[in-house]
Amino acid sequence: MEHVLEVRGLVHRYGDHTALAGVDLTVKSGECVALLGPNGAGKTTLVRNVIGLIEGNADLIEVAGGDPRRAETRRRLGVVQQAVGFPRSLTVGEIVGGAAARRGCPPEAASRAIAEMGLAGLEKRRAVTLSGGQQQRLQLAMGLVADPVLLVLDEPTEGLDVEARRRFWKTIRRRLDEGAGVLITTHLVDEAAAVADRVVVIDRGRVVAEGTPDELRRTLPDRRIEVRTKVPVSVIRALDSVHSVDLRDGRTVIAATDSEQVVSTLLDLDPEANDLTVATASLEEVLVALTNHEEVLI
Amino acid sequence: MSTRVFRTEVRDELLAIVREPTALFFTVLMPVAFFALFATMFGEGGGFGVGSLATYGAFGVLSVVLTNPGVGLADARERGWLRVKRADGTPLGVTLSAKVTAALPYAIVTLAGIALVARFITGPLDLPQVLRVIGVLVLGALPFSLFSLAVGARFSPSAAISVLNAMLIPSVILSGLWFPLEMLPTWLGEIAVYLPPYHLAQLALSQVEGGAVWGHVAYLVGTTIVGAIAAALAYRSAEV
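Protein sequence lines correspond, in order, to chains A and B.
Position one of the first sequence corresponds to residue 70 (my numbering), numbered consecutively onward.
Position one of the second sequence corresponds to residue 4 (my numbering), numbered consecutively onward.
By construction, these hints were calculated from the structure, which means they are not laboratory data.
Everything numeric in this text was worked out from a predicted model, so none of it was measured.
No residue lacks a Cβ here, since even glycine has one placed at the ideal position from N, Cα and C.
Keep in mind that a hint or two might mislead.
To be verified - A short list of chain A residues far from chain B (calculated; beta carbon distances all over 10 Å):
| no. | residue |
| --- | --- |
| 1 | GLY121 |
| 2 | GLU131 |
| 3 | GLU141 |
| 4 | GLY201 |
| 5 | GLU232 |
| 6 | LEU257 |
| 7 | GLU284 |
| 8 | LYS299 |
| 9 | VAL302 |
| 10 | ARG306 |
| 11 | ASP315 |
| 12 | THR334 |
| 13 | LEU359 |
To be verified - Distance ranges between label pairs, derived from CB positions:
| no. | chain 1 | residue 1 | chain 2 | residue 2 | range |
| --- | --- | --- | --- | --- | --- |
| 14 | A | LYS239 | B | LEU236 | 40 to 50 Å |
| 15 | A | GLU227 | B | SER240 | 24 to 34 Å |
| 16 | B | SER165 | A | ARG157 | 17 to 27 Å |
| 17 | A | GLY135 | B | PRO183 | 54 to 64 Å |
What the hints assert, rightly or not - When the alpha-carbon atoms are kept at most 25 Å apart in a straight line, the in silico DMTMM-like pairs for lysine to aspartate or glutamate are as follows:
| no. | chain 1 | residue 1 | chain 2 | residue 2 |
| --- | --- | --- | --- | --- |
| 18 | A | LYS97 | A | ASP128 |
| 19 | A | LYS97 | A | ASP246 |
| 20 | A | LYS299 | A | ASP327 |
| 21 | A | LYS193 | B | ASP78 |
| 22 | A | LYS97 | A | ASP266 |
| 23 | A | LYS193 | B | GLU23 |
Isolated chain B, as found in the complex (with noise of 0.2 Å):
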């Protein structure tokens, strides 16, 4: 039954965001946009292609991931439809696991749209990187959905929008995810490894220059472990 249950969840929140896309519309097309944009102006002969499909798509993916689940969250505990669900017995791990499962064919079309703008802006890329690319970026991103749901827990919606974006924008800048890092102040350019949006930059960009992985991979396994952490002790908490 719980099959049936997660799939039910899974459809209802698919059909939030296609119903109501308003503001999908610009967590898709922002990344996206901005890609074109930096990639017009930096993209010939400044080494834009899959490479920086990674960093864009870190971006990108995180700003779908980091957000809906969180805000959708919010939303739904504002409205007091959490408790008609809690009252229901909708098992917690159903509902919030439907949360970002439902976020993730959103980080799939983002991605695929920096793909398909990088492949005019800079030629064509190689299919089975860029789709390495993809699958580590959106199971990477996974870990960033456990703060989204901690913040969705504990405030309003329009708070949640405001922390949410308070954390991604930033940490993105930090990471170098929007221009290199060799672009900051050096002490700015130092931060960058201890921000998890950095690491799973690094971790994608392995796929296609090779490099490092594990020392990534456990820092996003410690992510995880520290938003579950977070997630719980903010559900736990929460008012619903």
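Isolated chain A, as found in the complex (with noise of 0.2 Å):
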């Protein structure tokens, strides 16, 4: 499969502050790459950079061919950025018909985008009164207009309800089928487990860890044990092994390395320890391991 995103030593500064430290990144045709991090990681700053927004300096920056900063190569990209205000005057048909004729695309395109993100009907609704999740999907059907082969997506499913979760998945799915590339960030790390082909963790403007979301939850040795037990979370805590103990909703959840003999410490603690489950390391809990941030994962 061809690459439709290659970034080779990515630098970006703000002044004295490196946001971006040499990072490298690819998409393929087809492939869906979910980027991960936490607050302030670099994510933002990498995307600007992918859809020419901001130039930072790189050994090589090439989307879709060409270079961002070029109108033209940024045409063929689909793109949904966060924190996007729809102008108050113009309507959702007007907005997408805008986007086509920006690209040189007929006027039956934006009519096809407009259907496929589940937006007709609504054509001549002022964009401003729709839902925050209907704005996310217009931003998506403008970027859709053009067949773009490569789709920029920074929290695309910020504001969604379920249905028009499963609706913009779907979406995502055919152009992926059809050979689109797709960078994603997100944090909502479960969907970017259920979705992506390959995470890339990124970290203090670095790439700190890359694969399959299988691949990385390996790379955490520690296994997740949940139990409804009367031993104190302070003997838990001191036994071999045990990294972390937390209660929820009544349950200890403790995260070990060797998960055998904690379950049998347990056991003999406390015969009857009951409702017992363990897990592998959740890929959150990978993140959190990698990147030594506790808070929310964006």
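Got two chains here, each in a separate frame; can you build the complex from them with the hints?
Written out as structure tokens, the structure reads:
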């Protein structure tokens, strides 16, 4: 598969602050890559370089076969950005129609994209009167008019309800099947794990891990043990191989490398312990371990 | 394709003005109302006619081209809409020139309103002269839109309105566009020759009364160059 995005050695500085310190990133045709990392990791700076809004120093940055600083290249992208407010005066039809005109597409392309994103019937509505979820879909409809070879989606499912999210991913899956590449940032780690072929973890401006969701999960030796037990947290925390202990909804949640030993000791201490599950670490736990950040990962 | 993009951008800008007309209502109404007020007060024997169309017209056209493009740009920037346009591959020059172009019909409406009031208050006007004055004012006002865009690239919409009005009102008064320079203290009146609105009004006035043209044209060309540099620098350092 050919690359629809190739970034090598991207450095971006804001004054003395280095937001990106030599990032490499690729997305192939038909591949969905999720970009994860804590607040301030450099994800938005990376995305803005990819879509040509800002310009860092890179050995190579090639998007859809061209330079993202060139308008012709950017017209081959479909982009959903965060915190976009539509003009008060324009309707859905006029906004997507305008996007089609800017990309040199016929008006029918706008109608198709509107229908694809489930906005048919809303063409004459002012965009600002749409719900947050509908506005997200409208932005994606703008990006879909020209059959983009790369979709760059920054928190695209923010504000979408379950049904809208399902429809959204159905559209993205279809575009992936048709050969488009997708680069997505999301704070919904489970969603990223479910939809991404590959996950790239970025922290403090560097790529700290990369692989399929399963590969990343395997990098963390911890197992997650959940159990209802009367054994005090302080006692469990003192056991060998236990890394962390939390109480959640009446259950004790333990992260430990030697789960068999921990479970055996727990049952010795509390034979009535029940509701016991042992699972591999979640992707979110992997990310916390990789980045040493406990806050929400976005 | 650029023509189609430009048409689309101009259409969007015009729709924004037509569908959200409140601000423009005052932009258009105020110069016409000012003209009506002063023409009523001083019109009889006061020389109000095509000549005053040049000075009040200069104020009217400046109030449109100096405020609308900049405030529109500031609004688009703050909303993130400018980011969408850039990511869409819309050439910056097209976006900016569409904002200026969309202001022109409203500048013409303002001038037509002033001409209409002049017709009723001061009597019949020489139509070719009126058309020449309007043409000169509309073309000559274009450099001022560059300053408007420079402000719009740097400030929030509400701050842009304040800054642009702070540029507009003193400069039109000191250029003698509201009342004759002779009514100002001498030292204030002497400032006028350094102000671009003065040269715009004098250029328009020369279509009625004759007189030197090229000195005013040169001054406006210089204004255009300074405005273009200001707009380019402001936009380069602007956050989108």
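Hint by hint, here is what the structure shows:
no.	hint	result
1	GLY121	7 Å, violated
2	GLU131	16 Å, holds
3	GLU141	7 Å, violated
4	GLY201	14 Å, holds
5	GLU232	25 Å, holds
6	LEU257	22 Å, holds
7	GLU284	32 Å, holds
8	LYS299	53 Å, holds
9	VAL302	46 Å, holds
10	ARG306	46 Å, holds
11	ASP315	38 Å, holds
12	THR334	55 Å, holds
13	LEU359	30 Å, holds
14	A:LYS239 to B:LEU236: 40 to 50 Å	47 Å, holds
15	A:GLU227 to B:SER240: 24 to 34 Å	29 Å, holds
16	B:SER165 to A:ARG157: 17 to 27 Å	21 Å, holds
17	A:GLY135 to B:PRO183: 54 to 64 Å	59 Å, holds
18	A:LYS97 to A:ASP128	19 Å, holds
19	A:LYS97 to A:ASP246	12 Å, holds
20	A:LYS299 to A:ASP327	21 Å, holds
21	A:LYS193 to B:ASP78	23 Å, holds
22	A:LYS97 to A:ASP266	10 Å, holds
23	A:LYS193 to B:GLU23	16 Å, holds
Hint violations for this structure: numbers 1, 3, all remaining hints satisfied.
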